[in-house]
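Protein chains: 2
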Amino acid sequence: MLKRYLFAPGPTPVPPEVLLAMAKPVIHHRAPEFAQLFGEVREDLKWLFQTRNDVLILAASGTGGMEGSVANFLSPGERALVVNGGKFGERWGKICKTFGVQVTELKVEWGQSVDPQAVADALKKDPSIKAVYVQASETSTGVAHDVKRLAEATKAREGTILVVDAITALGVFDIKTDVWGLDVVVTGSQKALMLPPGLAFVSVSEKAWQMADKAKNGAFYFNFKKERESQIKNQTAYTPAVSMILGLQEVLRMLKAEGLDAVFARQARLAHAMREGVRAAGLSLFAKQSPSDALTAIAAPEGVDGQAIYKNLRVHYGITAAGGQDHLKGKIFRVSHMGYMDTFDVITALAAIEMVVKGLGYPMKLGSGVAKAQELLMVGAEASGSRR
Amino acid sequence: MLKRYLFAPGPTPVPPEVLLAMAKPVIHHRAPEFAQLFGEVREDLKWLFQTRNDVLILAASGTGGMEGSVANFLSPGERALVVNGGKFGERWGKICKTFGVQVTELKVEWGQSVDPQAVADALKKDPSIKAVYVQASETSTGVAHDVKRLAEATKAREGTILVVDAITALGVFDIKTDVWGLDVVVTGSQKALMLPPGLAFVSVSEKAWQMADKAKNGAFYFNFKKERESQIKNQTAYTPAVSMILGLQEVLRMLKAEGLDAVFARQARLAHAMREGVRAAGLSLFAKQSPSDALTAIAAPEGVDGQAIYKNLRVHYGITAAGGQDHLKGKIFRVSHMGYMDTFDVITALAAIEMVVKGLGYPMKLGSGVAKAQELLMVGAEASGSRR
Chain Y
1 MLKRYLFAPG
11 PTPVPPEVLL
21 AMAKPVIHHR
31 APEFAQLFGE
41 VREDLKWLFQ
51 TRNDVLILAA
61 SGTGGMEGSV
71 ANFLSPGERA
81 LVVNGGKFGE
91 RWGKICKTFG
101 VQVTELKVEW
111 GQSVDPQAVA
121 DALKKDPSIK
131 AVYVQASETS
141 TGVAHDVKRL
151 AEATKAREGT
161 ILVVDAITAL
171 GVFDIKTDVW
181 GLDVVVTGSQ
191 KALMLPPGLA
201 FVSVSEKAWQ
211 MADKAKNGAF
221 YFNFKKERES
231 QIKNQTAYTP
241 AVSMILGLQE
251 VLRMLKAEGL
261 DAVFARQARL
271 AHAMREGVRA
281 AGLSLFAKQS
291 PSDALTAIAA
301 PEGVDGQAIY
311 KNLRVHYGIT
321 AAGGQDHLKG
331 KIFRVSHMGY
341 MDTFDVITAL
351 AAIEMVVKGL
361 GYPMKLGSGV
371 AKAQELLMVG
381 AEASGSRR
Chain E
1 MLKRYLFAPG
11 PTPVPPEVLL
21 AMAKPVIHHR
31 APEFAQLFGE
41 VREDLKWLFQ
51 TRNDVLILAA
61 SGTGGMEGSV
71 ANFLSPGERA
81 LVVNGGKFGE
91 RWGKICKTFG
101 VQVTELKVEW
111 GQSVDPQAVA
121 DALKKDPSIK
131 AVYVQASETS
141 TGVAHDVKRL
151 AEATKAREGT
161 ILVVDAITAL
171 GVFDIKTDVW
181 GLDVVVTGSQ
191 KALMLPPGLA
201 FVSVSEKAWQ
211 MADKAKNGAF
221 YFNFKKERES
231 QIKNQTAYTP
241 AVSMILGLQE
251 VLRMLKAEGL
261 DAVFARQARL
271 AHAMREGVRA
281 AGLSLFAKQS
291 PSDALTAIAA
301 PEGVDGQAIY
311 KNLRVHYGIT
321 AAGGQDHLKG
331 KIFRVSHMGY
341 MDTFDVITAL
351 AAIEMVVKGL
361 GYPMKLGSGV
371 AKAQELLMVG
381 AEASGSRR
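These protein sequences, in sequence, are chains Y and E.
Here the first sequence is numbered in the working numbering, starting from 1 and rising by one per residue.
Here the second sequence is numbered in the working numbering, starting from 1 and rising by one per residue.
This list has only true hints and no planted wrong ones.
One copy or two, either will do: identical chains are not told apart, so a pair holds if it fits within one copy or between any two.
Mimicking DSBU-like on lysine-lysine, the simulated pairs with C-alpha atoms at most 30 Å apart in a straight line are: (1) Lys3 - Lys46; (2) Lys3 - Lys365; (3) Lys24 - Lys3; (4) Lys97 - Lys87.
Hints are computed from structural coordinates only; laboratory data are not their basis.
Please read these numbers as outputs of a predicted model, since none were measured by experiment.
If we strip away everything but chain Y, and leave its shape as in the complex, we get:
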């Protein structure tokens, strides 16, 4: 008997309340009950996205939201700046190419965060750049890019939008869409939103909608303007993923009950405990700077194959984490702590990592990382009875 644990950077664990909500009878998507449900989640998504703009809900995974965020705003031959600091930065480039968008790629070493000055410089150098594509959290390396600083360069510039893949960021750490001036923000359901895969969400600023009016790329399913027209009437252009939206309603209620600041504080606390636990266990973080609070990328120690760590976590302990991608395969493994996670998830992950790494012959003091996480996540006696 092996219990299964999801520590992959998506899909993440789904709370039982949400699974139950998704097991409710299917509502017809043209019935009035659906419009009421859809209206509620649309409002709550604006709260989560910290925006007054529309947040489109799409039956797709995050990549669908990314595709739409290229196809709807740029025309073939137009120019975009793509920050490529990992697998998902690379994906922005591939999508742009598919839609005939000319890409200026700003390569960032994997494990590093983009220098906002480099983005500002690239924009200055080329006035024809119409959009900047970036990750708020690069899932392949566990690094966060400072999208607030990047927005400083795009906000004042007419006709250039900042498009943020916040798929492993939104709901993990603070993303002030309107205050910072993020024009397009994309996320998916199976990360901090604690749902199964199947929904993408995209917030779109007025500046971006104006670009959409002129863009000439083909978009049928991911036609944001058409979706907006339907969604402001609490309908969808095409059949929505109804059960997922019932789950979303429950997720948003849970997040609102906890409060956005409390969610960010919990995610930060768990991420900090994970990173310090990894260090206390004698392992190194892969991120050289700005580690994302969504997941921790850990360097495989000298002489140990990172893929063996990833595989043994699954085979011996029922834990699904993630390995490294491309040239990082075998060099790193990744553990998520975003979404429906608490103290004992971090302790479970650290205990399992210690056991697997030791099992692979690397000298490892069992309990060393766990003890650090316990210390950081401990609730003092003075709080006794206060959190009933």
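Based on the hints, put chain E in the right spot on chain Y.
This is chain E only, laid out in the frame that chain Y set:
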């Protein structure tokens, strides 16, 4: 956000597969599908109980099975020997008194296991004793009684049955009902059977049925003879708890897939790691001998209130364990590891205990108990890939 963890000695965690099975549409209990379901679980229960006798299924909690195991076999004025080494031994005495049964009580100090010789001596001294009532695992103290040895004294004796409360024993450690000669064995659904509370199970030997023929106590709902007549036809005398039986079907399939020896080995491994982890953390076990593999009773350390430990586990960490009962209140706390439990449940429990005890001001080296459990529960690298 506080996740909830069940570490009480019942109810224990229910596997998702079982929750799903219980969510199936309700079958009518007089329909042929029910008879088929009931026939399947009756056969599988014999396998679990290691018996060729009938195993009755009752819509009741374990105490209902205990009541029936007094009322159906003894008449008012008849004599029983009750082994009382804790709260549940005491309960046998209370039930006997309710049904006018004369009780000879064999008191056993809480935390101790009964001396089988003392039982044999008590039986020799009083030939009128018709039944011996005992726990296989005394949940209030975390101690196992050696029911195999006790059966040696009752097996050869005509007209005396051994009645075993195996509520926190069956499915945890080996109980060879027929081979050892246990006449009546009682268990409940919410322990090692990984179901919610609501079902009791009682196996009855031929020797016990013969006593039931002569017994003159009133039993209407818990009338075992009447139930037997129905249940051999895959029916029940009164309305059965249908959804619970759908869950039971899934539980029995899971247990059969794992195998009885593998289940016992897992439970023993987890119990051992828990006990050694507790010791390594500098705490003491309450059981002076024969600790039950179902749960571990831990002595509150010098100067720390056991009830505060129990309470802080719940309030600070979302963990429901159990405190001490009666004179043990404040002196001990109890943590279950029976049923749907694995490596990381033991690690979670130990980590939380360390944090709570330290939080209450007791000197505790965080990670010390966890490290011992990790060491004992580790899967070596040599096994890599072999348990795919």
